Amino acid sequence: MKEEVIKIGNVWKKYDMGSADPLVVLKDINLKVYTGDFIAITGPSGSGKSTMVNIVGALDKPSWGGVYLKNRNISDLRESALAFFRAKTIGFIFQQFNLIPTLTALQNVMLPMEILDVSEKLAKEKAADLLTMLGLGDRLHHKPTELSGGQQQRVAIARALANDPEIILADEPTGNLDSHTGKFVMDFLGKLNKSGKTVILITHDLDLVKYASRVVHIKDGRIEKGVKK
Amino acid sequence: MKLKKSTHLAWNILIHSKLRSWLTIIGIVIGIASVVSIVSISLGAQQQVQNQLGNIGADILTVSPGFSRAFFISSGFVGSGGKEVVQMGRGNSLEQSSSSATQKNLTINDINTIKGIQNVEYVMGEISDRETVSYLTKSATLGITGVDASTWKYVTTDTISSGRFLSVGDSNAVVIGQDVATLTFSDIPLNSKLTIDGKTFTVVGILSNGNGIYIPIDQARNMFDVGGKDYQFISVKISDVSEANATVNEITKMLMLERGEIQASQQDFTVSNPAQLQSTIEQTTGMLALFLGAIAAISLIVGAIGIANTMFTSVLEKTREIGIMKAIGTKNKDIMVIFLINAGMIGFVGGLGGVILGAIGSGVIGSLASGAAAGGRGFGRVFGSTALTPALLIGALLFSVIIGMIAGAIPAYRASKLKPVDALRYE
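In the order they appear, the protein sequences are chains A and B.
Here the numbering used here is used: the first sequence runs in plain steps of one and ends on residue 267.
Here the numbering used here is used: the second sequence runs in plain steps of one and ends on residue 445.
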């Protein structure tokens with residue numbers, strides 16, 4: 039039986055807009071994510087899917103409701119505990135790659151490990167292995183500006199895997215890539231899922247939902263019922 | 019995150035912020051260089067005052083011709099043994115020269131009067147002038163002092179390095195300071211012959227330090243253009259230092275009586291207490307150092323504001339990177355440490371440059387001041403020496419790092435408190 043990894047219970051998110059009415063972005067969201075799931079969260083622009091992912095990834099906190107990691111409510115944790123949770127449990131892959139421009143590919147991948155005080159030697163070895171696995175063995179010492187978009191995204195994937203997290207959270211990972219590289223990235227996410235990682239994919243590209251085992255569609259801040267794979 | 023990694027990331031920020039960081043660093047360099055120069059010059063001046071006046075001895079008072087109502091130093095601190103004219107009035111302003119009643123040399127009557135005063139142990143009159151001194155092939159114009167051989171050794175704080183002091187009955191004998199023996203001329207041994215104003219003298223003693231040249235007063239009288247029984251200075255050794263001020267007043271009173279003068283405006287001599295003078299000069303140089311230091315501190319404050327400004331800009335520029343780092347698990351504390359180290363590095367690099375520039379600057383100012391004071395007069399000579407101690411250099415460097423970190427504290431705190439989700443959205 040699959041274990042429940044993340045549960046979002048009755049989550050609301052609103053933003054105060056000064057004198058105007060508050061903007062309610064998420065309305066009573068409930069979602070359970072199990073180990074080994076590959077969930078695609080889809081929805082049009084402004085539907086609230088990014089906000090939902092930020093809350094799942096502990097980058098943001100809900101206005102109401104709870105976010106549970108293995109039955110432990112993490113929405114009330116202090117920032118330092120949330121940072122540890124992010125480093126240990128979640129690997130982020132962003133549309134904009136979000137690499138540190140002044141660090142080399144190797145240093146970018148080493149960083150999450152060094153945040154958790156892994157020794158420099160070990161971090162370097164593992165980072166080099168990951169980059170080599172992703173076909174960047176000859177680009178270890180190149181800075182992001184010296185790499186193509188596809189190469190940068192592969193560095194970002196290597197960084198996401200650095201601390202061997204349970205969950206991979208990919209926010210429009212193919213949004214800035216050509217179709218060939220996009221396919222490579224999606225195939226790789228599929229492989230990761232098959233190897234046991236839980237993958238949460240946010241996309242507005244309906245072609246990508248074929249990789250997912252479950253699809254969650256958001257519209258106007260609510261999960262639409264009746265969506266199935 | 020380990021400190022080594024934080025330091026590496028901070029260094030990364032510094033080297034990639036290019037011109038902005040370097041301009042900030044230049045601001046700190048100027049601030050620290052000013053502080054180092056001014057403090058080293060002030061310390062040097064204080065040391066110079068202590069070196070020159072410290073030799074006089076607290077138990078020796080000097081009486082000199084002329085009376086000044088304002089404090090001034092009329093011939094600087096050249097020589098040793100307190101034989102210079104050091105006049106002190108009642109005011110506290112500094113002047114190069116000041117008003118005086120008609121200046122007359124001191125006389126044997128003055129010496130006899132002082133001898134009769136309680137607490138006075140020894141009294142010696144002396145005269146001095148500058149004459150041409152030759153040794154072998156080398157000549158120099160140096161200050162020559164004529165002293166009373168019977169009392170000199172009691173009223174001087176100089177010590178003999180080799181040979182002896184002048185003795186009663188010495189003729190054509192000379193005692194020279196260490197600097198004359200080793201610096202002005204090269205290694206004058208005892209019993210060698212010096213020519214002073216065309217007359218030959220035998221070196222009977224060499225003092226431990228200083229650049230004085232001492233000959234019996236009778237021979238000096240023949241050499242200098244001084245009245246038959248007149249003296250240019252009188253040195254008075256007292257037995258009880260705690261009574262120094264009372265003795266100064268008593269000497270003043272008795273010399274006025276001897277002259278038949280009652281009004282202070284008619285006073286034509288000055289009795290000075292070196293200990294009091296030293297404390298006054300130290301106080302004055304201290305205040306001057308404080309004043310100049312305050313001016314230098316302003317440039318340092320401007321430098322610190324520059325650091326804060328650079329840091330704020332840096333945090334703004336790095337907002338997205340801060341968001342990325344937070345997303346992958348960097349804690350607020352680590353972000354704060356990275357930016358604090360970055361600010362400290364700006365302070366350190368600026369401080370290092372400032373210390374080097376300050377050391378060079380104080381050397382240049384020192385040599386310019388001593389060049390200007392080549393005639394041996396006044397404060398130019400005092401500020402002609404600088405004191406660059408390791409404590410000053412390390413202290414300035416440390417101060418610069420601390421200033422940098424203080425200036426960077428608020429930007430670093432602001433960086434640490436950025437919400438990851440907001441920072442990631444920042445364009």
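Hints were generated in silico from the structure; no laboratory data involved.
Treat the hints with caution; some may be incorrect.
Stated by the list, open to error - Cβ-to-Cβ under 10 angstroms is the rule here; a few derived chain B residues that face chain A: (1) Lys22; (2) Asp205; (3) Leu334; (4) Glu339; (5) Gly341; (6) Ala345; (7) Ile346; (8) Lys351; (9) Val355; (10) Lys437; (11) Pro438.
Note that the structure is a prediction, hence the values are computed from the model and not measured.
For each residue, glycine too, the CB sits at the ideal point set by N, CA and C.
| task | May I ask which of the numbered hints given earlier this structure violates, with the numbers listed in increasing order? | result | Hint check: 2, 3, 9 fail, others pass.
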